[in-house]
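J.: Here's the letter readout for the chains.
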Amino acid sequence: MIAALRATATFKPHREPAWRVMMPVMTDNRAKPATVEPGVDAATPGAGTPDAGTPDAGTPDWAGLIGAVAVHRDKAAFALLFRHFAPRMKAFLMRAGTDVDVAQEVAQDAMISVWRKAASFDPARASASTWIFTIARNRRIDLLRRGASSRIEPEDYAIAFVEEPAPADRVAFAGQARVRLAGLMTTLAADQAEVVRMAFYEDKSHSAIAEELSLPLGTVKSRIRLALTRLRESLGGDYR
Amino acid sequence: MTRHAAPGEMLLDYVAGTLPEGPALIVATQAALVADVRASIAALTAAGGALLDALPPAALDEAALDAVMARLDEAGPADAAPPRPVVVDGVTLPAPLARALGDRGGWRGFWPGVREMAIPLADGVHRVALMRIAAGRSIPAHRHGGVEYTLVLDGGFVDGRGRYERGDLCVATPETEHRPVADAHGACLCLAVSQAPIAMTGPLARLLNPFLRR
Numbered sequence: 000m001i002a003a004l005r006a007t008a009t010f011k012p013h014r015e016p017a018w019r020v021m022m023p024v025m026t027d028n029r030a031k032p033a034t035v036e037p038g039v040d041a042a043t044p045g046a047g048t049p050d051a052g053t054p055d056a057g058t059p060d061w062a063g064l065i066g067a068v069a070v071h072r073d074k075a076a077f078a079l080l081f082r083h084f085a086p087r088m089k090a091f092l093m094r095a096g097t098d099v100d101v102a103q104e105v106a107q108d109a110m111i112s113v114w115r116k117a118a119s120f121d122p123a124r125a126s127a128s129t130w131i132f133t134i135a136r137n138r139r140i141d142l143l144r145r146g147a148s149s150r151i152e153p154e155d156y157a158i159a160f161v162e163e164p165a166p167a168d169r170v171a172f173a174g175q176a177r178v179r180l181a182g183l184m185t186t187l188a189a190d191q192a193e194v195v196r197m198a199f200y201e202d203k204s205h206s207a208i209a210e211e212l213s214l215p216l217g218t219v220k221s222r223i224r225l226a227l228t229r230l231r232e233s234l235g236g237d238y239r
Numbered sequence: 000m001t002r003h004a005a006p007g008e009m010l011l012d013y014v015a016g017t018l019p020e021g022p023a024l025i026v027a028t029q030a031a032l033v034a035d036v037r038a039s040i041a042a043l044t045a046a047g048g049a050l051l052d053a054l055p056p057a058a059l060d061e062a063a064l065d066a067v068m069a070r071l072d073e074a075g076p077a078d079a080a081p082p083r084p085v086v087v088d089g090v091t092l093p094a095p096l097a098r099a100l101g102d103r104g105g106w107r108g109f110w111p112g113v114r115e116m117a118i119p120l121a122d123g124v125h126r127v128a129l130m131r132i133a134a135g136r137s138i139p140a141h142r143h144g145g146v147e148y149t150l151v152l153d154g155g156f157v158d159g160r161g162r163y164e165r166g167d168l169c170v171a172t173p174e175t176e177h178r179p180v181a182d183a184h185g186a187c188l189c190l191a192v193s194q195a196p197i198a199m200t201g202p203l204a205r206l207l208n209p210f211l212r213r
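Heads up: the sequence lines are chains V and B, in that order.
Residues in the first sequence are numbered from 0 upward in steps of one, following numbering that gives the first Met the number 0.
Residues in the second sequence are numbered from 0 upward in steps of one, following numbering that gives the first Met the number 0.
Wrong hints could be hidden among the right ones.
A few chain B positions that, by computed beta-carbon distances, are all more than 10 Å from chain V [claimed, not checked]:
hint, residue
1, H3
2, E115
3, M116
4, V124
5, A134
6, A140
7, V157
8, R160
9, E164
10, E174
11, T175
12, A186
Chain B is faced by these chain V residues, among others (derived, beta-carbon under 7 Å) [as the list claims (entries may be wrong)]:
hint, residue
13, T58
14, F81
15, A90
16, R115
17, I158
18, M197
19, K220
20, L230
21, L234
Covered stretches of chain B, going by a simulated chain V footprint (3 or more residues, C-beta under 8 Å) [claimed, not checked]:
hint, segment
22, 66-72
23, 78-84
24, 142-156
Since the hints were made in silico from the structure, they are not lab data.
For every residue, glycine included, the Cβ atom is placed at its ideal position computed from N, Cα and C.
Hey, can you work out the whole structure from these sequences and the hints?
T.: And the structure:
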């Protein structure tokens with residue numbers, strides 16, 4: 000909660016629109032926005048159980064806020080999400096070399112997608128940060144492919160025309176709720192974390208990373224493969 | 000891990016959004032078929048979420064929030080409709096492939112016993128096609144100027160290096176010369192994505208080379 004409150008403190012509103020007046024004051028991490036009714040927890044499995052996603056002290060329940068947006072079209076909850084994620088999305092886009100004004104515009108558009116797609120967020124499948132990352136990532140792809148209509152939708156693979164056995168992805172997604180996402184990258188060795196960071200923050204393919212680091216392609220590939228193995232271990236699940 | 004899963008670096012490029020459309024179609028289609036690949040994608044996507052969360056926030060003023068708030072009740076553009084199922088040779092294509100192909104498919108002869116259905120993507124670099132190898136037939140021995148990905152959608156083949164079944168991905172590099180042979184008991188349907196002109200190396204198949212330079 001601390002980050003959002005700090006952000007709130009810097010605001011100097013010249014008027015008080017309804018959604019801002021509605022904004023709940025959260026005094027501890029267990030508090031839910033005033034506009035969220037108890038029923039929301041039922042719609043967000045895992046949100047209330049100690050081993051599956053209860054935020055640590057100081058971290059707001061982002062998943063619960065997305066649930067409030069989905070179920071109640073809660074603008075106060077949305078404002079809290081915006082204040083935390085929009086500046087990070089903007090920073091994320093700027094890291095990859097996007098112009099500051101474009102980055103802001105894309106972050107704003109992405110937050111509108113968060114509002115519109117909130118009902119498709121499933122806390123059993125991904126953490127709030129991960130889901131919002133995919134929205135920012137998809138906007139970045141759209142930006143790069145502007146003009147050229149893409150025939151690839153990054154999440155199409157989740158549509159099952161034919162039922163496939165062994166849904167190992169459910170296990171991995173559930174694992175995300177148990178692991179504090181913030182600690183995830185620290186489970187990687189420094190050289191593994193470096194290549195993963197470059198891929199996401201600098202928008203570089205693994206071959207571009209090899210070039211930039213003046214490393215043989217094989218070295219970068221093996222670091223990425225080790226990182227993937229470690230990430231999967233950290234997220235838990237019964238993998239063969 | 001699955002025996003013939005897309006390699007980690009390819010999955011990372013997919014999740015970060017830097018993989019060109021041809022190979023991205025390979026990853027998306029394999030993910031639709033193989034739970035293990037979905038689990039890897041989930042793990043890498045979680046890393047993306049962790050990194051987004053860890054970023055020091057960029058300056059964003061209150062007006063930005065007001066502007067977005069003012070737009071929340073506008074009607075948005077409709078989401079891309081989910082793809083409709085497409086059946087090719089009795090095989091229901093995985094959703095990503097169904098979207099990419101749409102209703103535009105048409106077979107053409109490629110080699111005796113081998114047919115090809117081009118999938119035009121905006122990629123521009125990769126040659127993307129469904130390949131159907133009749134039972135017991137083969138694609139003639141060839142080399143690749145770049146990487147070639149062959150994902151089995153139905154049936155199976157061997158290429159001298161390994162055996163590939165539904166959901167398996169065969170990756171051939173410029174150093175690889177291989178000759179995929181379909182199983183004797185049924186046709187093999189694959190998604191093939193190649194980066195550069197393929198060069199046939201057999202005496203007769205070399206005559207095909209002028210037609211492969213695109």
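J.: The structure should be examined with respect to each hint, and the outcome stated for every one.
T.: Going down the list of hints, with the structure as the test:
1. H3: Check passes; 14 Å lies beyond 10 Å.
2. E115: 18 Å, holds
3. M116: 15 Å, holds
4. V124: 13 Å, holds
5. A134: Since the minimum Cβ distance to chain V is about 22 Å, A134/B lies beyond 10 Å and the statement holds.
6. A140: Since the minimum Cβ distance to chain V is about 26 Å, A140/B lies beyond 10 Å and the statement holds.
7. V157: 23 Å, holds
8. R160: 18 Å, holds
9. E164: 14 Å, holds
10. E174: 13 Å, holds
11. T175: 16 Å, holds
12. A186: Given a closest Cβ separation of 18 Å, the condition holds.
13. T58: Violated, about 10 Å.
14. F81: 5 Å, holds
15. A90: 4 Å, holds
16. R115: 5 Å, holds
17. I158: Holds, because the Cβ-Cβ distance from I158/V to chain B comes to roughly 4 Å (cut-off 7 Å).
18. M197: Constraint on M197/V not satisfied, violated at 9 Å.
19. K220: OK, holds: K220/V within 7 Å of chain B, min 5 Å.
20. L230: Nearest chain B Cβ about 4 Å off; hint holds.
21. L234: At about 5 Å, which falls below the 7 Å cut-off, the nearest Cβ of chain B leaves the hint on L234/V intact, so it holds.
22. 66-72: holds (count 5)
23. 78-84: holds (count 5)
24. 142-156: As far as the segment 142-156 of chain B goes, the hint is violated, because 0 residues have Cβ atoms under 8 Å from chain V.
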